[in-house]
Amino acid sequence: AQSVSQHNHHVILSEAASLELGCNYSYGGTVNLFWYVQYPGQHLQLLLKYFSGDPLVKGIKGFEAEFIKSKFSFNLRKPSVQWSDTAEYFCAVKAAYTGGFKTIFGAGTRLFVKA
Amino acid sequence: AAGVIQSPRHLIKEKRETATLKCYPIPRHDTVYWYQQGPGQDPQFLISFYEKMQSDKGSIPDRFSAQQFSDYHSELNMSSLELGDSALYFCASSFRLAGLNTGELFFGEGSRLTVL
Chain A
1 AQSVSQHNHH VILSEAASLE LGCNYSYGGT VNLFWYVQYP GQHLQLLLKY
51 FSGDPLVKGI KGFEAEFIKS KFSFNLRKPS VQWSDTAEYF CAVKAAYTGG
101 FKTIFGAGTR LFVKA
Chain B
116 AAGVIQSPRH LIKEKRETAT LKCYPIPRHD TVYWYQQGPG QDPQFLISFY
166 EKMQSDKGSI PDRFSAQQFS DYHSELNMSS LELGDSALYF CASSFRLAGL
216 NTGELFFGEG SRLTVL
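Chains A and B, in that order, are what the protein sequence lines are.
With the working numbering, letter number 22 in the first sequence gets 22, and the count goes up by one each step, no holes.
Take any residue in the second sequence, note its place counting from 1, add 115, and you have its number in the working numbering.
Hints are not guaranteed to be accurate.
Cβ pair distances, simulated, as ranges [unchecked claim]:
| no. | chain 1 | residue 1 | chain 2 | residue 2 | range |
| --- | --- | --- | --- | --- | --- |
| 1 | B | 213 | A | 45 | 20 to 30 Å |
| 2 | B | 159 | A | 30 | 40 to 50 Å |
| 3 | B | 117 | A | 39 | 13 to 23 Å |
| 4 | B | 197 | A | 77 | 37 to 47 Å |
| 5 | A | 70 | B | 129 | 48 to 58 Å |
In silico DSS-like cross-links for lysine-lysine, where the CA-CA straight-line distance does not exceed 27 Å [what the hints assert, rightly or not]:
| no. | chain 1 | residue 1 | chain 2 | residue 2 |
| --- | --- | --- | --- | --- |
| 6 | A | 102 | B | 172 |
| 7 | B | 130 | A | 102 |
| 8 | B | 172 | B | 137 |
| 9 | B | 172 | A | 49 |
| 10 | A | 102 | B | 128 |
Calculated directly from the structure, the hints in this document are not laboratory data.
For every residue, glycine included, the Cβ atom is placed at its ideal position computed from N, Cα and C.
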């Protein structure tokens with residue numbers, strides 16, 4: 001079955017530190033990849049997405065992610081985090097299966113940025 | 116830009132009562148999804164509809180049902196509520212690009228259900 005793994009459940013960083021959140025998926029076919037962010041008390045919002053083309057995608061608020069097909073990975077990065085980046089980050093994968101497709105979410109990574 | 120609209124935003128019910136949540140997708144979005152997010156948990160897929168037909172089913176309890184109407188809005192009906200149903204219920208919608216669903220979901224702000 002398809003699955004999405006996020007390596008860290010909790011990450012604590014100081015402001016200006018660099019961030020990398022890991023995401024791996026298990027699916028051999030064509031995928032669309034997403035990172036969503038959920039700020040405290042809010043709904044999920046799209047950070048960035050990859051459909052095709054340049055495997056390095058840039059999203060909002062200085063985030064970027066790199067799709068490495070050989071590693072089935074789509075890690076999220078930001079060179080310098082801010083306190084306002086404190087949120088939960090979800091990696092998601094759209095994978096086709098017989099009869100349709102699913103968007104599968106990872107378990108999420110809670111990021112806490114210390115001011 | 117118009118977003119996904121959910122109502123009510125907050126709902127308090129007692130055990131064994133029923134509740135109905137509504138979702139209005141972004142205009143021209145043809146697919147609606149329901150997710151349940153318990154405290155400190157990731158969103159769990161419940162059910163989805165495409166063009167008013169159920170397109171996929173996840174971990175939706177038998178006590179719950181949902182449908183999509185001709186105007187594409189969707190309702191999630193929950194009966195015999197249990198304490199464990201307390202959660203944030205998200206609706207999301209998506210559209211097709213060149214005939215294919217990209218899988219990108221646009222989320223509403225959620226309906227917070229508290230069961231006492």
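Evaluated hints:
Distance hint check for residue 213(B) and residue 45(A): the Cβ-Cβ separation is about 25 Å, which falls inside the suggested range of 20 to 30 Å. Separated by about 25 Å at the C-beta atoms, residue 159(B) and residue 30(A) break the suggested range of 40 to 50 Å. Between residue 117(B) and residue 39(A), the C-beta spacing of about 21 Å keeps the proposed range 13 to 23 Å intact. Evaluation of the 37 to 47 Å hint for residue 197(B) and residue 77(A) yields a pass: the beta carbon distance comes to about 41 Å.
Taking 48 to 58 Å as the suggested C-beta distance range, the pair residue 70(A) and residue 129(B) conforms, at roughly 53 Å. Taking the CA atoms of residue 102(A) and residue 172(B), the gap is near 10 Å; set against the 27 Å cutoff, the hint holds. Distance restraint check for residue 130(B) and residue 102(A): the Cα-Cα separation of roughly 32 Å exceeds the 27 Å cut-off, and the hinted pair is therefore not satisfied. With a CA separation close to 18 Å, the supplied pair residue 172(B) and residue 137(B) stays within the 27 Å bound.
At roughly 24 Å between alpha-carbon atoms, residue 172(B) and residue 49(A) fall within 27 Å of each other, so this suggested pair holds. Of the supplied pair hints, the one linking residue 102(A) and residue 128(B) is violated, its CA atoms being roughly 31 Å apart against a limit of 27 Å.
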